[in-house]
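Here's the letter readout for the chains.
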Amino acid sequence: MARVGRECSKRMQKSVIEVHHLYKAYQTAAGDFPVLKDVNLQVLAGDYVAIMGPSGSGKSTFMNILGCLDMPTAGSYVLDGYAVATMAADQVAKVRNQTIGFVFQGFNLLARASLLDNVALPLVYAGVSKEERHARARVLLEKVGLSKHMHSHPNQISGGQQQRVAIARALVNQPRLILADEPTGNLDSTTSEEIMAIFDSLNQEGITIVLVTHETDIAEHAKRQVRFLDGKIVQDTGSASSVAGSEYV
Amino acid sequence: MHQVSPEVSMFSAMLGEAWHAMGANRLRTFLTMLGMVIGVGAVVLMMAIGQGAEASVKRSISAMGSHLFVVLSGPPRMGGARTATGNAPSLNVRDANAIGELYGVVGVAPVTMGKGQVVYASNNWNTDIIGTTAEYMDIRGWGLSAGYPFSASDTRSATRVALLGRTVVQNLFGEDEDVDPIGKKIRINQRPFVVLGVLDSKGQTLDGRDQDDTIIVPLTTAQRKLFGNQLPGTVRQIMVQAESDNVMSMVEEALNSLLNQRHNIREGADSDFSVRNLTAIANSAAETARTMSLLLGAIASVSLLVGGIGIMNIMLVSVTERTREIGIRMAIGARETDILMQFLLEAIMISIVGCLIGIVIGVTGAVLVSVFTQAEVIISSASVLIAFSVAASIGVFFGFYPARKAARLNPIEALRYQ
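These protein sequence lines are chains A and B, in that order.
For the first sequence, the numbering used here begins at 53 and goes up steadily by one.
For the second sequence, the numbering used here begins at 446 and goes up steadily by one.
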């Protein structure tokens, strides 16, 4: 793994995400269909970024690439100092396991497993012993206020509670970065506020958060808003440098 | 806190999950397993029956004696029509003595036989009477369970002594054997005989004839005192034992040329005797039993294969159903090998549990068969082990494709799957 951007990090605050000239195109019968066109973004450690934009603007594809679930067609993505493109599949899996915590719109908990086992699941793939898995999962369930329900199953609790479990699962391996794809999309406004309060406090603890949302009131929780349109970043409240190449500004 | 290696804790967690997944859809797991259960049960049962049949054939062969020829007299020509072998007494004791001189022959026993009515007290029985020499017992490998064999001097002086088979003893002296037959006087075809010994039980021949339903008397006694006297010194057959399997064909040739010469039979003419290789006949029977046992095993294996395909089928369904779960697992850090291992473990677990149940059922079935049909069955640990390892490999073989399919899923598409 090549350590990239060391000089940058010496000069300024360390960046967790560095994306340069990122392109992504899907191959269709009608030819290549571009989704991301020359996206540049730098997210520093401790940042709290909301990515906004209409459907089809490429923000979900961008999130998938950030989450190492998808690979860009061109351009570079440096995550926590490591160039993702140079990693082997197992290393990428390890990054997903230990560097990133995912929170999904649809919660994506395993229906068959108890809340405790759901939260502890990433630790299975980290090779942690059963006692420690359960101990760490218990601590996090307590943190999101669900320790009473740890032996319940996902279908026995509300959507908001399920999303708390998903956040606990994302945190269990102590990631540097939380990626949340419309985390409040399936929740009512009160519950959404509760979930966002958790993200706010996590960010205050120093965890970098990038979330995708449609709603401006959700996006206002973040320190910085990045707006996507037609595969490009058209607005970035945080950094002027990352939108330098955009003609929409 | 004791330290467990990451691989071990991961593996044990996956074992637990596989067990959990099996319990999640019990009926489906049971039906999938049923294929394995039936396959393994059939293999264990068929092998038990086949090996039992083989063993009983082998025992019949060793009961007959080894490296044996029987020289039968006849078939004689009567104006062009041939009658059955053994009808005309063309062999005699001097032929037997000459055969005894041949290289590679270790034992010779001239045999004459017939039916006799046996009486003791108020009981009577009709049985086969074999008149032969003392050597016959050695050649057939036939011992006595009580009393003494007769000697060469009994043959010389044609004493009226008899060795009784187990069945004859039971019919003359009663089933419960409270009368000791040794030394008792019996009558065979009205003539008094002294019981000298009781023969070991030999069981049935391959064709189901009871070998214990017989009486052995000295050859000369049979010739002179029981069966009248057509031609003095003639015998119905001569049993010949060769030294080993290697000299069998040589001895057979020597037997033919010796007897042709002694009986003045020109080359190309029909001989008045025939030589039969009993060991070859018995071996072919054993070979048949072995083939049958193999065939049974092969047929049963087909059901194992079908069981394996059932596992593959259900694992493919399971992978499709759990596509989203696979996506989630990949998103939170499962490697391809972790997903592969998880599904493989599930397939192996189904086949091994099915196999264990199948072994229990197969063994139970074999015991029931032996109880209800009296047929011999042999449950060898080898056959159980083979069934078990084949079942485990079937789990790996048929589980691999679905597991690999799961491991190769694209995480984004898997997460989107509804």
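In case anyone wonders, no lab produced these hints; they're calculated from the structure.
Any given hint could turn out to be false.
Derived Cβ-Cβ restraints for the label pairs, each shown as a range [to be verified]:
no.	chain 1	residue 1	chain 2	residue 2	range
1	B	Leu-801	A	Asp-84	30 to 40 Å
2	A	Gly-258	B	Tyr-846	41 to 51 Å
3	A	Glu-184	B	Gln-863	29 to 39 Å
4	B	Glu-732	A	Gly-179	55 to 65 Å
5	A	Ala-141	B	Ala-469	27 to 37 Å
6	A	Gly-258	B	Glu-452	24 to 34 Å
7	B	Thr-809	A	Ala-141	44 to 54 Å
8	A	Ser-204	B	Leu-801	53 to 63 Å
9	B	Gln-863	A	Ser-204	16 to 26 Å
Every residue, glycine too, gets a C-beta built ideally from N, C-alpha and C.
Evaluated hints:
1. Distance hint check for B:Leu-801 and A:Asp-84: the Cβ-Cβ separation is about 55 Å, which falls outside the suggested range of 30 to 40 Å.
2. Remark: the range hint 41 to 51 Å for A:Gly-258 to B:Tyr-846 is upheld by a beta-carbon distance near 46 Å.
3. The beta-carbon spacing between A:Glu-184 and B:Gln-863, approximately 35 Å, falls within the hinted interval of 29 to 39 Å.
4. Look at B:Glu-732 against A:Gly-179: about 57 Å separates their beta carbons, and that is inside 55 to 65 Å.
5. Roughly 29 Å separates the CB atoms of A:Ala-141 and B:Ala-469, a value that falls within the hinted 27 to 37 Å.
6. Between A:Gly-258 and B:Glu-452 the C-beta distance comes to about 32 Å, which sits within the given range of 24 to 34 Å.
7. Range check, B:Thr-809 to A:Ala-141: Cβ separation about 49 Å, and the 44 to 54 Å hint holds.
8. Between A:Ser-204 and B:Leu-801 the beta carbon distance is about 34 Å. The supplied range of 53 to 63 Å is therefore violated.
9. For B:Gln-863 paired with A:Ser-204, a C-beta distance near 24 Å keeps the hint of 16 to 26 Å intact.
Going down the numbered hints, you'll see the structure goes against 1 and 8, while the others check out.
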